[in-house]
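Chemist: Residue numbers (our numbering), protein chains in the order written: chain A, 1 to 127; chain B, 1 to 410.
Treat the hints as calculated values from the structure; they're not laboratory data. Treat the numbers as computed from the prediction; the structure is a model and nothing was measured. Be aware that one or more of the hints could be misleading.
[What the hints assert, rightly or not] If you anchor each label on the Cβ, the simulated ranges turn out as follows:
1. A:Gly21 x B:Val44: 38 to 44 Å
2. A:Pro118 x B:Glu6: 31 to 37 Å
3. A:Thr45 x B:Gly78: 44 to 50 Å
4. B:Leu222 x A:Arg43: 45 to 51 Å
5. B:Thr170 x A:Pro118: 53 to 59 Å
6. A:Arg4 x B:Leu379: 41 to 47 Å
7. A:Arg43 x B:Glu6: 31 to 37 Å
8. A:Thr33 x B:Thr213: 37 to 43 Å
9. B:Arg2 x A:Arg4: 45 to 51 Å
10. B:Ala158 x A:Glu95: 57 to 63 Å
11. B:Val390 x A:Ala99: 53 to 59 Å
[Unchecked claim] Where chain A lies over chain B, by a calculated footprint (3+ residues, C-beta under 8 Å):
12. 57-71
13. 77-89
14. 374-384
Idealized CB from N, CA, C, for every residue including glycine.
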Amino acid sequence: MARRLDAALELLDRQLVDKDGRLAGKVDDLELTDPGDGLEQPRVTAILTGPDALAGRLHTRFGRWLQGVVLRLLARQGPARVPLEQVQAIGSSIELRVAAGRLDTGQGWARRLIGRLPGAGEGDAAQ
Amino acid sequence: MRKLLEIALGILTAIGGFVDIGDLVASTETGARFGLGLAWVLLVGVVGIVIYAEMAGRVASVSGRAVFDLVRERLGAGAGLLNLAASFFITLLTLAAEIGGVALSLQLATSVNYLLFVPVVGFLVWLVCWRVRFELMDNAVGLLGLALIVVAVAVWRAHPDWGAMLHSATHPVVPTTESHAAYWYFAIALLGSAMTPYEVFFFSSGAVEQRWTRSDLLVNRLNVYIGFPLGGLLALALMVAAALVLEPLGIDPSHLSQAALPTSLVLGRLGLALALLGFFACTFGASLETALSCGYSIAQYFGWQWGKFVKPAQAPRFQLAVLVSIALGVGLVLTTLDPVQITEYAIVLSAAALPLTYLPLLIVANDPAYLGGKVNSRLSNAIASLFLVVLVLASVATIPLMIASKAGGG
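Generate the whole structure from the sequences, applying the supplied hints.
Modeler: Okay, here's the thing in structure tokens:
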């Protein structure tokens, strides 16, 4: 279903909420696809999220440096990609049809660190 | 009945939680140096925080979005990141000042050097952030903070000349011993102490933590409209006490003990004990609020799961941010920098950064996509816009005044 909205205003930098109501990152960047017929404007086909997507959008030397550091530190394969078909609703937050655990937003390392402290509740944490 | 209790508890918590190290230092210092000549700024600051905190609470209750969510959405990734850096730095500085304030209160009670308490206080702050339920934490420190009412009792028992006080508050003059630059510098410091950005970060995130919805809008209003002004009265009591006791003695307060001096002179040991309990509770409570606010602002900017309503393992980056912030705050105090001076810089820089927080909030509070029919009324928009002008002016004037008055020194 094609829908017309101001991607910069209504999509970018909004909160992602997964199907279980967990906070799952921000809309850090958008994937645009050009239909290629030279007539239609490019379409948003996916939401990109994660520190690498964010750093890539800063368009400064600092942003590029940050991107390099983040990629190396977190050993990421690139930003997490959420195809638009997996978006349930667009409002003050973007509700997804997937679980946050399915997206690699780079929190594994923090989880391992914090999970070691007593009382972190790692045992019954579902992801 | 339950709702009524909840409302009463919320108001009491808001009163006790209003004062923090910034108010203790700024109110006492301005009272001692300028008498009641700056009391009007306290009134302005309270009206400002009431207007904007109500907005923050309303947006959070209706849309579930806390303040730094909005900052990122309205300012975008780049400007939002700069805002995050500035806000985080100031909140961290405030956290360090609050931890120092807790340690100084303990020193006043035990005569043991405050630096020895700092790591213990840091650990306790972390432990509460890590384990204690949000409502319990919020209510307990807020209610303990009510011990500060003793300062107001001391003012009343000192039998001041109320008419003369009202006159000096309504006809402010710069004392002959003070420069105009110092007067306006302290005006900005007072404004910063009343409207510190972490207060709205914490208030709005707290609304989400307590799962406020549309049906809690009344609780939000009453908390803010009744609780904050009454809390502001406690800050005013500190100022009046200092004006009555310290100004005639020519004491320029540079230590927390001087904030308790008027109360102990008027009410004796019991008064002193209660004042110290109040100092301890309000700085400890604010340590928790600032530590959590450090985590809230970072997590909300990046969209990470945050909050005490989930297990720490489900919000690992938020918990890590809180932990690291507390460690940094403790480290800063352990450098032996004077906590009172850290406080002074924290509130003045807060004042300079106020528009960064309040502008995005004002924009969103007018957006029906977030609030439906609950957008700002015309009256609150008029007042809030006027305030924004004041905040921008204060922000622009801060650094020049800091230089001209040698950071209030003379």
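Chemist: Give a verdict on every hint.
Modeler: Here is how each hint holds up against the structure:
no., hint, result
1, A:Gly21 x B:Val44: 38 to 44 Å, "holds (40 Å)"
2, A:Pro118 x B:Glu6: 31 to 37 Å, "holds (32 Å)"
3, A:Thr45 x B:Gly78: 44 to 50 Å, "violated (24 Å)"
4, B:Leu222 x A:Arg43: 45 to 51 Å, "holds (48 Å)"
5, B:Thr170 x A:Pro118: 53 to 59 Å, "holds (57 Å)"
6, A:Arg4 x B:Leu379: 41 to 47 Å, "violated (36 Å)"
7, A:Arg43 x B:Glu6: 31 to 37 Å, "violated (49 Å)"
8, A:Thr33 x B:Thr213: 37 to 43 Å, "holds (39 Å)"
9, B:Arg2 x A:Arg4: 45 to 51 Å, "holds (47 Å)"
10, B:Ala158 x A:Glu95: 57 to 63 Å, "holds (59 Å)"
11, B:Val390 x A:Ala99: 53 to 59 Å, "violated (47 Å)"
12, 57-71, "holds (count 4)"
13, 77-89, "holds (count 4)"
14, 374-384, "violated (count 0)"
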